[in-house]
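Colleague: So you can see what is in the structure, the chains are spelled out below.
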Amino acid sequence: MTIEYRNPVYNESGTIDVEINHPEFGWIPFTASPEDVEPHGRQIFEDLKDEAAPYTPPEGESDGSPN
Amino acid sequence: MAAWTEILDSNLEPNAPVRSVDHIAMRDNPIAIAEGAPGAPRIAGQQGPAVQNAGVFDGTLGAEKFQSGADERDWVLARASEATAGAVGTYAFLTVPQSYGGGPGGTLAGSLLRYSNVAASSGPTPSGTWRIMGYAETSQTVDHRTTLFLRIS
Numbered sequence: 000m001t002i003e004y005r006n007p008v009y010n011e012s013g014t015i016d017v018e019i020n021h022p023e024f025g026w027i028p029f030t031a032s033p034e035d036v037e038p039h040g041r042q043i044f045e046d047l048k049d050e051a052a053p054y055t056p057p058e059g060e061s062d063g064s065p066n
Numbered sequence: 000m001a002a003w004t005e006i007l008d009s010n011l012e013p014n015a016p017v018r019s020v021d022h023i024a025m026r027d028n029p030i031a032i033a034e035g036a037p038g039a040p041r042i043a044g045q046q047g048p049a050v051q052n053a054g055v056f057d058g059t060l061g062a063e064k065f066q067s068g069a070d071e072r073d074w075v076l077a078r079a080s081e082a083t084a085g086a087v088g089t090y091a092f093l094t095v096p097q098s099y100g101g102g103p104g105g106t107l108a109g110s111l112l113r114y115s116n117v118a119a120s121s122g123p124t125p126s127g128t129w130r131i132m133g134y135a136e137t138s139q140t141v142d143h144r145t146t147l148f149l150r151i152s
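Just so you know, the protein sequences line up as chains X and A, in that order.
Here numbering that gives the first Met the number 0 is used: the first residue of the first sequence is 0, the next is one more, and so on.
Here numbering that gives the first Met the number 0 is used: the first residue of the second sequence is 0, the next is one more, and so on.
Keep in mind that the hints were calculated from the coordinates and are not lab data.
Restraint ranges, calculated between C-beta atoms of paired labels, are given here:
1. E23(X) <-> A2(A): 48 to 58 Å
2. E34(A) <-> L47(X): 52 to 62 Å
3. P57(X) <-> A43(A): 53 to 63 Å
4. L147(A) <-> E11(X): 23 to 33 Å
5. R78(A) <-> H21(X): 16 to 26 Å
Note that beta-carbon positions come from the ideal geometry of N, C-alpha and C, so glycine has one too.
Work out the full structure, taking the sequences as your base and the hints as a guide.
Modeller: So this is what it looks like as structure tokens:
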């Protein structure tokens with residue numbers, strides 16, 4: 000099955016944030032990781048690792064992380 | 000059970016004598032196919048005594064075809080319990096960033112989240128897409144931003 004995607008970009012964890020067109024939920028945010036327990040997550044990372052835009056640290060005081 | 004009989008082309012060629020035995024075979028062969036007689040061709044998707052998976056059209060098997068007894072319940076629960084932590088369909092207790100609070104139904108990429116505990120100590124980052132199943136308050140207090148999530152993709 001082909002997964003439609005857009006806007007892949009590396010995040011600070013080294014995984015890839017991307018929007019995917021889910022067959023049930025439409026366009027949703029997704030984090031693709033080579034260590035995902037789900038095969039499709041690992042496959043998306045493999046497919047996008049050379050295409051994803053590099054990580055850009057956020058400007059300002061907050062880095063957006065939970066802690 | 001009707002027996003399957005091979006009918007040679009030579010028996011049916013023009014000018015061949017009309018034989019009762021060939022007509023009986025033509026009558027009985029469809030019955031032999033339906034009954035699964037030895038040597039008879041099989042209907043697609045029904046290679047054995049029961050309907051095979053390939054014989055069921057996609058999307059045609061409704062819930063009314065499933066039983067609802069204890070065996071079926073245990074089977075479903077056993078399948079669900081085989082899921083690895085972080086798999087699609089599993090729940091996790093996660094913390095969201097300060098600016099990403101929200102009520103049930105919101106979806107977030109895994110990279111924005113951290114595995115957490117009730118004291119909101121954060122662990123590693125999950126993969127995939129997660130739906131908020133509780134309530135994550137937009138707050139500077141981290142335990143106000145920690146709630147239950149369901150992985151949906």
